[in-house]
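Chemist: Please take these sequences and the hints and turn them into a complete structure.
Protein chains: 2
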Amino acid sequence: MLKVTVIGSGNVAQHLIRVFNNSPGIEMVQAYARTPQSLLHLLPENKITDSFHNLEEADIYIISVTDDAISEVASALPFSRRLVVHTSGSVSQNSLDSKNKRGVFYPLQTFSKNKEVDFKKVPLCLESEHPEDYIVLEKLANAISDNVYSVDSTQRQSLHVAAVFVSNFVNHMYKLGNDICQTHNLPFDILKPLITETAAKVQLLNPAEAQTGPARRNDQTTIQKHIDFLEDENMKEIYHILSKSIQNTK
Amino acid sequence: MLKVTVIGSGNVAQHLIRVFNNSPGIEMVQAYARTPQSLLHLLPENKITDSFHNLEEADIYIISVTDDAISEVASALPFSRRLVVHTSGSVSQNSLDSKNKRGVFYPLQTFSKNKEVDFKKVPLCLESEHPEDYIVLEKLANAISDNVYSVDSTQRQSLHVAAVFVSNFVNHMYKLGNDICQTHNLPFDILKPLITETAAKVQLLNPAEAQTGPARRNDQTTIQKHIDFLEDENMKEIYHILSKSIQNTK
Chain A
362 MLKVTVIGSG NVAQHLIRVF NNSPGIEMVQ AYARTPQSLL HLLPENKITD
412 SFHNLEEADI YIISVTDDAI SEVASALPFS RRLVVHTSGS VSQNSLDSKN
462 KRGVFYPLQT FSKNKEVDFK KVPLCLESEH PEDYIVLEKL ANAISDNVYS
512 VDSTQRQSLH VAAVFVSNFV NHMYKLGNDI CQTHNLPFDI LKPLITETAA
562 KVQLLNPAEA QTGPARRNDQ TTIQKHIDFL EDENMKEIYH ILSKSIQNTK
Chain B
362 MLKVTVIGSG NVAQHLIRVF NNSPGIEMVQ AYARTPQSLL HLLPENKITD
412 SFHNLEEADI YIISVTDDAI SEVASALPFS RRLVVHTSGS VSQNSLDSKN
462 KRGVFYPLQT FSKNKEVDFK KVPLCLESEH PEDYIVLEKL ANAISDNVYS
512 VDSTQRQSLH VAAVFVSNFV NHMYKLGNDI CQTHNLPFDI LKPLITETAA
562 KVQLLNPAEA QTGPARRNDQ TTIQKHIDFL EDENMKEIYH ILSKSIQNTK
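First to last, the sequence lines map onto chains A and B.
If you read the first sequence in my numbering, its first letter stands for residue 362, the second for the next number, and so on.
If you read the second sequence in my numbering, its first letter stands for residue 362, the second for the next number, and so on.
What the hints contain is simulated information worked out from the structure, not anything from laboratory work.
Note that identical chains are pooled: a pair holds if it fits in a single copy or bridges any two copies.
Keeping only pairs whose Cα atoms sit at most 30 Å apart, straight-line, the calculated DSSO-like set for lysine-lysine is:
hint, residue 1, residue 2
1, LYS460, LYS586
2, LYS482, LYS586
3, LYS482, LYS408
4, LYS605, LYS553
5, LYS474, LYS586
6, LYS586, LYS462
7, LYS605, LYS474
Modeler: Next up, the structure:
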């Protein structure tokens with residue numbers, strides 16, 4: 362039985378607590394939250410604390426707080442020589458206080474409060490200061506996911522940047538598509554099957570093969586027609602730069 | 362029984378022929394292809410012609426060729442006063458020769474040669490010169506799809522631009538994510554669940570609500586860290602412009 366404590370009460374923390382609760386090989390020892398009420402729907406009251414000094418012995422402490430707070434929280438922990446990891450894609454392992462054994466447990470997924478996520482499919486990116494701790498982290502990761510990767514700090518940073526492109530920027534493209542529909546009295550629904558299919562395609566083809574559209578075909582007439590059609594200066598600029606980038610792809 | 366003839370042998374034409382073949386209320390009269398062999402896997406030889414003069418009577422002629430060729434093909438048809446439509450998102454209805462009754466039958470989806478598409482979910486955007494022809498087009502559309510929309514030429518042009526954003530540009534974001542993974546010896550597979558979830562989210566939430574990431578949080582430290590991390594000038598520029606666009610979103 363792996364004994365786990367989660368420190369934090371945000372989106373990622375709550376998804377982790379939920380999946381740990383439902384995993385046979387894992388014992389949720391405690392969770393820390395500044396406002397314990399925020400976790401009462403997930404854990405009994407006696408397992409939630411708002412004081413680091415009440416934290417009991419566990420095999421792994423998972424700090425899942427905002428990036429800026431990780432270092433401070435790690436330093437505030439009143440114990441040493443235990444395994445302490447964070448869940449951030451962009452914070453280095455060394456930001457954790459060296460009094461404890463350090464590691465990273467980074468789930469590469471976008472989490473929303475009101476949408477269930479199938480954790481079995483969530484890639485978990487693991488890193489540890491000491492090889493023996495990696496085995497513990499891997500055991501925990503394998504208990505909840507089928508996609509476990511060993512990822513060092515530079516790789517993790519690159520993944521975080523890549524995730525901005527394939528998720529945050531992609532979502533912004535959806536948002537601009539929605540804006541265009543609204544301007545022309547069309548429902549966003551009309552674009553949804555295309556969005557689904559575009560994401561489904563790259564599960565099978567690599568993205569370079571899957572590329573279609575006027576820029577891919579070097580169809581300068583359509584590109585110019587589209588840029589002229591757009592009234593918003595920001596959209597014109599984005600259309601121009603992304604078309605140029607596609608055209609420059611070898 | 363609706364009698365349909367498809368003119369063209371590309372991706373869209375082939376997908377249409379396949380779905381018409383499988384639809385009880387529709388009779389595939391003929392298909393035109395410059396190289397008839399290209400359609401032999403879909404139709405018997407006697408239903409494929411490479412001469413416009415062999416085209417028999419049908420209720421609807423669907424021109425599904427490259428945008429540049431639509432006008433020429435429409436003019437070359439040796440008959441008049443019949444219903445002739447094209448399947449393009451970006452060509453106006455008036456590009457068709459006025460000797461026939463004109464219309465548009467635009468499937469808003471990305472089609473690949475080797476990937477089946479569930480046509481029931483493909484939005485079909487219809488337009489016709491004469492109201493009585495709209496009824497015929499609608500009947501044909503309803504026979505193959507559950508998503509049929511009346512879309513005028515300006516709306517259709519806006520959809521085509523929106524589709525570039527939510528599909529072509531989105532795919533390019535996947536491609537850049539793939540490039541980043543390759544540079545750091547990571548498999549693209551690690552990003553796939555995130556890609557799927559990001560597309561799934563906007564089926565339920567509107568894209569503005571679904572937006573996450575450093576730009577959305579106005580986290581200038583992480584944005585700068587990411588831009589510094591990227592070595593490619595093109596990626597730096599795209600990261601900067603899209604972050605700015607997200608930050609300027611009200």
